[in-house]
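Protein chains in written order, with this note's numbering: chain A, 1 to 281; chain B, 1 to 323; chain C, 1 to 413.
Quick caveat, the hints were computed from the structure, so don't treat them as lab data.
Treat the numbers as computed from the prediction; the structure is a model and nothing was measured.
A couple of the hints might just be wrong.
As the list claims (entries may be wrong) - Listed below are several chain A residues computed to face chain C (Cβ distance under 8 angstroms; list not exhaustive): (1) G46; (2) V74; (3) I117; (4) V131; (5) R218; (6) V219; (7) S234; (8) G238; (9) S240; (10) R241.
Virtual Cβ for every residue (Gly too), placed ideally from N, Cα, C.
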Amino acid sequence: MTARRRGRRLRQTGWNIVGLVVFVVMVFPVFWMISTAFKTDDQIVGEKPTWLPLHPTLAHFRDAIDRPFFWDDVKNSLIVVSVTVAISIVLAFLAAVALARYRFGGRKLFVVLVIGIQMLPQAGLIIPLYVVLARYHQVNALSGLIVTYMTFVLPFCVWTLRGFLLGIPKDLEEAAMVDGSTRLGVFVKILLPLMGPGLVATSVFAFITTWNEYIFARVLLNDQQKQTVTVWLSYFLGSSRHTDWGALMAASTLTAIPVIVFFLLVQRRIAFGLTAGAVRG
Amino acid sequence: MLDSSSNAAAGTLLGTSRRRRRLGVRAAHAAVPYALILPVVAVIGVILGYPLYWLVKLSTERYGLFELIRHAGVSVGLANYHSVLHDSIFWRTLLRTVVFTTANVVLTMVLGMAIALLLVRVSAVVRVLLSSGLVLVWSMPVVVAVQVWYWMTNFENGVVNYVLTELHVGNFFHHDWYVTTFSQLSLVTLLIVWGALPFVVITLYAGLAQVPGDLVEAAEVDGARSWRIFLDITLPILRPIVLILTSLSIIWDFGVFTQPYLLIGQSKITSGNYLMSIYLFEEGYFKSDFGRGAAISILMLLMVAALSVVYVRKMVRMGEAVQ
Amino acid sequence: MKRRSIVALSLVVVLAAALTAATSGATKRAAANSITVWLQVDAQSGWPDIVAAANKQFQSDHAGATVNVQYQNWGDHLQKFDATLAGGGGADVIEMGNTEMTKYMAAGAFAPLDKSAFDNSANWLKGLAASGKFGGKVYGVPYYAGSRVVTYRSDLFKKAGISKLPATTGEYVADAKKLLAANSKKGFSPLYIAGTDWYVAMSFVFDYGGGIATQVSGKWKGLLNSPKSIAGLTAYKNFFNATSRASKTTDETHPNPYDVYAQGGAASMLGPSWFTCCVGAKFKSATAQFVMPGRVKGQAIPGFLGGSDLAVPANSPNKALASDWIKDFTSTASEKALQAKGNIPNATNLLGASVNERAASRSWFVPTAKHWVDVENGNVLRNMLAQILSGKLSVKQAANSASDNIASVLNQS
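Pulled out of the complex, with its shape left as it was, chain A reads as follows (with noise of 0.2 angstroms):
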């Protein structure tokens, strides 16, 4: 018994090893745009590395706020991400749930529809998308950016939620409605718990996905007050002149901010809270 137990915990101190090298080498490139937005002008370009600046500068961090509409932008940003999200979420979910638990005629073409959006080349969209928007006044305004990001989001969320239903044996459901539940009282109770780490996962991929978009937020918008953070941040790059590396380091660790907060809000909720400990292998 205890030979055994043993030799689960040096198995376990194994994985554990092995999970702290997949670590570090994972973060590093993290870990170096971070360090890098401390470090001096001479320590980013110097021939040696430095590993951890001993002596870090904050000056690329004032450098980045002080650039004109940062604060803005990230407003913008937040806006159009967590409508996107929201919305999105929702009205994937209402889908998901017809293509997992409903047979219905033109399922198939909706399938083709769902799968075959995001095999479009998003290039080839770019001009088509901006003269539609220009119809409707929507150019340079972030409900046009909102819709824009919508019909790209809600695609792979319909796909990836439908994936996670049907992981969720039927019965369950079908049990609770012999018990004489509701459909709505099924949705609540049963599915809505079960879907939380699928929906978590969704709605974190929705999240990055929209924060980090470029090109679009680039052409669709134009006043700069009224642009978003990826864009404000392609101006340190966009200058035909010397680039800023420090400072664009430490814009980009700021502007990874509000990812990293969403994630640690939503996992702690739902997903790795139920799952620690659900299976042990």
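Given the coordinates of chain A, work out where chains B and C should sit on it, guided by the hints.
Here is chains B and C on its own, set in the frame of chain A:
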């Protein structure tokens, strides 16, 4: 499994429809699925309907800058398709892109599954560390990630060269990682897989939460080997998600643009290292030949559809079977 | 618990929708006396005060008029421009790189301008003025230019025993040997040039009397395989091998030459005059500039005259106002202010004696062909240079294939 043996599938289908009839589906209920998909169809239809029509129409027209400014193209039938399909660069690019996509998808899925399973096995602290690390990676805007990767591999003072030299792997001082097409695309592959892993791992991990723990435990008590448990219990439950991730990865990696374009760098892009989306950009948009660009777009759509049709059909059929 | 989160979610949706409604709807075409100006972000980071001064002047001339300046990135501004050409809602004034102009002029994207309305238009820099002219009409007003100069470390030159700056490329090669002998640093470049920096390579070609392409009775003919061009390319190859340890396949921004220089990796570098911005704190005081010499003593090497033009898109509803704004932004006062920021002003009568301006005394420009941009985007020249420097092809083979390639691209309908 379910999807391949039609008998079993048919049996399940019959079973469900009978059961549903027993539950009493009224006529009004027939409208329910349509009501559920209506919002999604409406949004996509209103926003993308016209652009799609435009794209198809454009692909049959001579439509350059001159025509763009006057908002009027000249119909040329299938000439754009003809010119693309008779372009040897197109076929070479297609072959390169298929190989590239395969490598990316296989690496992404295998590593993604491995890390997701690893997440289940490590202790809570490591799990939190690793999963937040993944989100950090994910939260890095692609444009910035490319810059950082470029730095790490650059000729003059890249960290990779420095570390490899220090570790005595060889003399990597002033090693140029961007000389051959193969090494360029290998670096791009690493970058893409690295960037795709967070999403794949987190989705698979969320899927693993649906694996009933008691099933696994029971199997363990029975003395089943862990890879058998994986094949017999875990994988079947993850199947829909794996299929979705695979087909999405195929679609995305086939059409990837930003990473190769920026990491290889515009100044090193030639017809010798094109990927499909770069071909589209260079031939269609940089040259302002929008009609040809539209034709390439549609051909790309067909190609990726052909590439992923196996997975998509499996996926759809599985959906039917489960019912 | 769960029900509460649904309520919360719907609240978010409603709230967000309201916010959007509040922020949208501002896209209606602006008033008749308002113009939109697209400038590259260089102006925002480099000389916002000059833009502001021009706006002020413009508004004092046109009471009640407003100017909305929107900054663009070099990397994607043409894509954005294309979209507005198709869908409207774009700019009334747009800044274009001088090599980007021809294609758009040929397609009729710009409105013709009255040259005489602009300050110093009789003396516009030849290279820049040519880039804004098509079919005998003027579409682009020169905004500013930049040339390439040598930025060098006087301390290293002194240490190597170089008392006189090189006056010919031949002397530069000899000095490079001395600099190398005096420096044991690994990978050290006496003169850092990126292998595929075609601006430098073409300077050699033009210095040897060669060229890129020329129009013969309506058809473009490639010139890179002419004996003179081949002599120039061979000279570039030898010069590069003697002076630079940069990657043979990289371009002039990967890495930035000044980053190499700031690390002590180069004794000199060839590039825009603003390179002094970033030479590193410890080398700042020892850094100076001189004009890149040519093959013959007393003559600068012909330099590429890069620059920007200002144009009025044909679909602008306010063409007269747009032209007036350009007039204010390219006024003598404005150009002098640009000069003070280290740029070359747009007219010869404003030229001073800075290194930057002296280097512009001999200059070359790309062929003014509709499809030239395709040659640039297709990296025909860079590819040729990489082949030559890496020894994959002989100078002659590489030049032949590039020359044919260029001719076929330029002669497309």
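Hint check results:
1. G46: holds, 7 angstroms
2. V74: With a closest approach of 14 angstroms, the V74 (chain A) hint is violated.
3. I117: violated, 21 angstroms
4. V131: holds, 4 angstroms
5. R218: OK, holds: R218 (chain A) within 8 angstroms of chain C, min 6 angstroms.
6. V219: holds, 5 angstroms
7. S234: Given a least distance of 6 angstroms, the restraint on S234 (chain A) holds.
8. G238: holds, 3 angstroms
9. S240: Constraint on S240 (chain A) satisfied, holds at 6 angstroms.
10. R241: Check passed: Cβ of R241 (chain A) comes within 6 angstroms of chain C, closer than 8 angstroms.
In the structure shown, a violation is registered for the earlier hints numbered 2, 3, in ascending order.
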